[in-house]
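So you can see what is in the structure, the chains are spelled out below.
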Amino acid sequence: MPLNKADIPGAHNIVRQTYPNGMIVLVKENFSSPSVVIDGLLRAGAADDPIGKEGVSAFTSHMLMRGTERRTFAQIYEEIEAVGATVDVSSGINVTSFGGKSLAEDLPLVADILADVLQHPAFPEIEMEKERGEVLTDLQERANNTRRMAGLTFRELLYPADHPYHRSVQGYPETVTVITRDELINYYRSAYGANGLIVSIVGAVKAADALRIWEDKFGNWIGAQVDRGVPPSAPRLIERREKRVDIPGKSQSDLVLGFVGPARSALDYPDARMANSILGVFGLYGRLGARVREKGGMAYYSYSQLEGGLGPGAWQAVAGVDPANVDKAIPLIQAEIKRMIETKVTPTELKDNKSYMIGSMPIGLETNDGVAGIILDMELYGLGLDYLINYPDRINAINAASVQAAAQKYLDAENFALAVAGPN
Amino acid sequence: MPKTTKRPKNTTPQGNGVLKTVLPNGLTVVLRENHNAPVATFWVWYRVGSGRERTGITGISHWVEHMLFKGTAKFPGRKADQVVSREGGQWNGFTWLDFTTYFETLPAEKIDLALALEADRMVNAPFRPRDVSSERTVIISEKQGGENSPRQLLSEEVQAAAFRAHGYGHETIGHLCDLQTMTRDDLYTHYRTYYAPNNAVAVAVGAFNAQDMLRKIEKSFGKIKHGPAIAANTAVEPEQRGERRVSVDGPGTTSYIELAYHAPAAKDADFPAMVALDAILAGASSLSIFGGGTTNASSRLYKALVETELATDVGGSCIPTMDPYLYGLSATVRQGHTPQEVEAAFDREIDRIVNEPVQEAELAKALKQARASFAYGSESVTNQGFWYGWSEVFADYKWFETYLDRLAAVSVADVQRVAQKYLRRGNRVVGYYLPK
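Line by line, the protein sequences give chains A and B. Basically the numbering used here = 1-based index in the first sequence + 1151. Basically the numbering used here = 1-based index in the second sequence + 123.
Read the hints as simulated data drawn from the structure, not as lab findings. Hints should not be assumed to be uniformly reliable.
Unchecked claim - Estimated spans, in silico, between C-beta atoms of each pair:
no. : chain 1 : residue 1 : chain 2 : residue 2 : range
1   : A       : Ser-1341  : B       : Ser-409   : 33 to 39 Å
2   : A       : Ala-1225  : B       : Pro-249   : 35 to 41 Å
3   : B       : Ala-196   : A       : Ser-1553  : 34 to 40 Å
4   : A       : Lys-1502  : B       : Pro-361   : 27 to 33 Å
Stated by the list, open to error - Cβ-to-Cβ under 10 Å is the rule here; a few derived chain A residues that face chain B:
no. : residue
5   : Ala-1162
6   : Asp-1289
7   : Asn-1296
8   : Leu-1308
9   : Leu-1388
10  : Ile-1389
11  : Gly-1448
12  : Val-1472
Ideal placement from N, C-alpha and C gives every residue a C-beta, glycine not left out.
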């Protein structure tokens, strides 16, 4: 029983509605389970954080759940948790995501709470200090976490200092300490609004009912998000930039080695994704897994990932290795990158990876969360509602030359950003 | 084509569409049709985990699990890996206290591949010395990665202090000295002892016909011989007489605290009341292996520890196990506060739930949360396969199917009774992680 075309989310079964206030709502019915998932976003993110105030966007998103004009923090969570639902708001670099999940009978409650926290936050001072303390403790933990520090340092090396991707979404202890309530409120006023909001609702609810519930709660929300356009591009590195962060007392070092990659909407993104799959995803971490983990026995994890996103997200290789093996693992990763650039991938690799990308679609679409996420991506990145219908054709159009072209365009065996965090 | 074995008895679906049977070679089979999506999952569970490992070979179950990903004559090297991925599948293995398990989730029409693969590696893994050697360093690397986490260092110490007779006292990954010295023959002996149909449970959930699936399983696994009888794990942890306290010094600037109480096994009649107690104290646990449970900001401990700014998070852990394990509570100490202050706040809440009945509304909330979590978890065949198999290991699949009913039967008095019985100072280990 292969995936029936009629069941694949597409223009024929996704209801898409735009509203005068600028929001876009997409609904896909699925009555095979009694839950409903809401997955949405606003075009506001840490890229807007002023210099010296890094963390404002993330702090703001967390404060929304800490009290509104109608509900206290305790009331919000009591209502949500009493029905086993979840609601969350969190900021990334370019977007602020919001969402919820509940049994279908509780969808009106979840929509009401999301409307309340997004439209009427109160920013209570006492809650602000609680939140600040939690963030500062988290940043303290980050400073002692090899994986997080390698990731943070990698971005600082890869992107120029004036590029938004250079900076931490969560901020830094010195910036989070000085953020004021007025700054959060000003940020909220400038960044939050219905114009640009996208939401995908998937589950055991009739599309007309979902639209009515959402429109009822959000239809009158006025508020324009600033038009931010496309995130700035970032230059390809022309030197090797390396930094080692000493975290004494740890048993393992983490390393991140990588490059500026394509945006999700780039024409060659599928080719880069294919190259990435062969390099460090397919099977047990692709070629990197075979070389560093299987042959070298050097790491428990050694893989690659391609961020995509609205702007030039990173394309990176990641490994966790014995501190004594860091300098042995790096050349192995370089060698695999070199091979991606210099030699075409084999017909078998290409065939296997195409088959994997196309064949894994039914599992990705099994849950309401999976479907809601992909529908949101279709809208955000302009992939079109028939993206999944056309997906096999797009994957099959990839060839060894296009994969190599993507590798050559983005990867470089000598010039890259390399961050290592662990005991020196 | 191999001859199909004699049809086992009792192959009609029972209750909620589940077909359970035992093949002549001892393999337990649990099948559940689910036609929501064109996918299927197949699991093989072996009734062996770190809980029955002795000193000298700690970590052996997990290492054997790794060796089963190193290929066989039929699926050499990474071939199995490639064929599963090529079909768009997911596969993995897990080892824990009571089990070692393997699964594949695939487009439903490709699920035969999973049966072929699992039947093959139940008996044909070669454990080549060079693979043992390279995997030794991979596993030591995995252990080192875990030890980078202060919480992990603390829970390892607490677990060790809680058990001195039972194998639950060491981490599944094992002790470094054992990982450095275990031999290929140790690993192979473990494999040949515990990897046999009579010590295994095969579970399939997904878009298939259960009778067809049973025939396929018989065909793939029916010829595998019944292994030697496996002795029961005779370890019984003696009653703890008095509070035990441990501390771990380590890198960093943040302190952590963990409390662990000896708790009832999954089959114990007290277990559902412990689940309710945990939900009220620390928030409901997720019934999905992929996480995604609800938040716990309305729980008693969150209000007492996080709202009061003593801690930045708090959580509970109530795990179904074959033998009595631990009910764990843990928290991250907020900057400017001490583990002692957090412990005192924990104790005030524990004393309260021991001395005062909980509210009916709190119980109703725990039940509704479980109902929602159950619904979320059932969207994924992989998650369902996990629960059918895991519950077979520590009880039987009906434990999972009747979970909500048993939780609904828990009374306010039950919660107070188990609180009084288990949440005693003398029944616990208190651990602090203190940054150097």
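A quick look at each hint next to the structure:
A hinted range of 33 to 39 Å holds for the C-beta pair Ser-1341/A and Ser-409/B, which are about 36 Å apart. Remark: the range hint 35 to 41 Å for Ala-1225/A to Pro-249/B is contradicted by a beta-carbon distance near 59 Å. Roughly 37 Å separates the CB atoms of Ala-196/B and Ser-1553/A, a value that falls within the hinted 34 to 40 Å. The supplied range of 27 to 33 Å is broken by Lys-1502/A and Pro-361/B, whose beta-carbon atoms lie about 59 Å from each other.
Below 10 Å, beta-carbon pairs count as interface contacts, and Ala-1162/A has none with chain B, the closest being about 20 Å; its hint is therefore violated. The beta carbon of Asp-1289/A is positioned within 10 Å of a beta carbon in chain B (closest approach about 7 Å), and the interface hint is therefore held. At a threshold of 10 Å, the smallest CB-CB gap from Asn-1296/A to chain B is about 7 Å, leaving the interface hint in force. Because the smallest distance between the Cβ of Leu-1308/A and any Cβ of chain B comes to about 22 Å, over 10 Å, the interface hint for this residue is violated.
The beta carbon of Leu-1388/A comes no nearer than 28 Å to any beta carbon in chain B, farther than 10 Å, and the hint placing it at the interface is violated. Taking 10 Å as the C-beta cut-off, the interface hint given for Ile-1389/A is violated, the closest approach to chain B being about 33 Å. For Gly-1448/A, the interface hint holds, since its Cβ comes within 10 Å of a Cβ in chain B; the closest pair sits about 3 Å apart. Among the interface hints, the one on Val-1472/A holds; its C-beta lies about 7 Å from the nearest C-beta in chain B, closer than the 10 Å criterion.
Going down the numbered hints, you'll see the structure goes against 2, 4, 5, 8, 9, 10, while the others check out.
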